[in-house]
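Novice: Sequence:
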Amino acid sequence: MFNGNIAKWIPTKQTYISIAANHGISRILDDSEIPADDSRDRELFDAQNQYFYNILKVKITGGKAKVIVNQHILTLDAKTVWKKFIDYYEDKSIVSLNKANYFDRIASLKLTPAYKGGAYRFLNDFENLVTEMNVSVGSEMIDSDLVGFLTTAISEYEPFQATRASLDTNALLNKSEITYDGMLNVLYKNCPKKPAKSNRSVNNQNSDRKNRDDIDVDNGAWKKDYTKWVPIKLFKNLPEKEQAARRKAQKAAKDKQKQAKLAAAKARSDSDSDNTGPTVTSDDSGKDVFEIPKELAPTFRERK
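Mapped onto full-length UniProt numbering, the consecutive letters of the sequence shown carry residue numbers 1 to 304.
Be careful, since some hints might not be right.
Computed spacing ranges between beta-carbons, pair by pair [what the hints assert, rightly or not]:
#1 N70 / V135: 23 to 29 angstroms
#2 D143 / R121: 21 to 27 angstroms
#3 K59 / P192: 42 to 48 angstroms
#4 A221 / K248: 17 to 23 angstroms
#5 F235 / Y188: 54 to 60 angstroms
#6 P35 / C191: 58 to 64 angstroms
#7 E242 / A267: 18 to 24 angstroms
#8 A221 / A244: 19 to 25 angstroms
#9 S26 / N70: 23 to 29 angstroms
#10 K248 / R121: 28 to 34 angstroms
#11 G24 / L172: 54 to 60 angstroms
#12 S166 / S93: 39 to 45 angstroms
Everything labelled a hint here was simulated from the structure, so no lab data went into it. Fair warning: this is a prediction, and the values are worked out from it, not measured in the lab. All residues carry an ideal CB built from backbone N, CA and C; glycine is no exception.
Let the sequences and hints guide you as you build the complete structure.
Specialist: Rendered as structure tokens:
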């Protein structure tokens, strides 16, 4: 699939050239002349041309490329579509814009202690981006430029400072230039190792939990009191009836504790409630009488 992204044009172009070659219809994409009208070869050419147009119609999903394909939906002319692809995507201004975009992306890569995946992952990302750019623009970046970009990208990463100094010293003593591939190899070999993980793994934690569950913390008090907790290892060996009885007793004890807590909370709530508020009572005639506490009465007195 090709969504019209300029950066993806070169690899897409190479893919379609391979597809055409595999189908024996390379002349649709190259500079071969169109066969003369009313010839048998022209009939074959037209069939091949329409066939490849249908491939492009399905595979092109967006951007300027899709516009170009749709412009020839009536003629089904893949050869003309392909020529327009070349004219647009390989125009000097478009190529320059694509390179500038990749330069910006490479320049924005910075190795810091917080870089996800660490230094090794950063070098992978940097190398992959450079490879992607080379494929996209159809040419390789100058070695000295790559060294410059990589040097800037790692300049603030302290663990690589000594390595970088060694590279400079070695180049000076040998009167040689630092190469991009050579610099990458040295940096890969000197990537700081990740800190060792804690030996306390999940399995160890589960093992510790299991050991705690097997400890008799009550020194056998559970033998006489069914509400007491029984170590799991010992509980499994008890008769099923006793296991059921203990579960029932423990549940009843928990329910009792819960009810006691609720009762205590209710008692505190009742004691804290304000009993001085107004009340409603009924007089002898059955009418409701609104009574106001004495301490609040002055608030409701009418002015004389």
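Novice: Would you mind marking each hint as holding or not holding in the structure?
Specialist: Tested hints:
1. With their beta carbons about 27 angstroms apart, N70 and V135 fall inside the hinted range of 23 to 29 angstroms.
2. Distance hint check: the CB atoms of D143 and R121 are about 23 angstroms apart, consistent with the given range 21 to 27 angstroms.
3. Take K59 and P192: their Cβ atoms lie about 45 angstroms apart, and the range 42 to 48 angstroms holds.
4. The hint said 17 to 23 angstroms for the Cβ distance between A221 and K248, and at roughly 19 angstroms that hint holds.
5. As the Cβ distance of F235 to Y188 is approximately 56 angstroms, the hint placing it in 54 to 60 angstroms holds.
6. Between P35 and C191 the beta carbons are some 59 angstroms apart, a value that agrees with the proposed interval 58 to 64 angstroms.
7. Against the hinted window of 18 to 24 angstroms, the Cβ-Cβ separation of E242 and A267 comes to about 37 angstroms, which falls outside the hint.
8. For the pair A221 and A244, the supplied restraint of 19 to 25 angstroms holds, since their beta-carbon distance comes to about 20 angstroms.
9. Remark: the range hint 23 to 29 angstroms for S26 to N70 is upheld by a beta-carbon distance near 25 angstroms.
10. Roughly 57 angstroms separates the CB atoms of K248 and R121, a value that falls outside the hinted 28 to 34 angstroms.
11. For the hinted restraint 54 to 60 angstroms between G24 and L172, the CB-CB distance of approximately 58 angstroms keeps it satisfied.
12. Checked against the hint of 39 to 45 angstroms, the C-beta distance between S166 and S93 comes to roughly 43 angstroms, which is consistent with it.
The structure does not agree with the numbered hints 7 and 10 stated previously, though it agrees with the rest.
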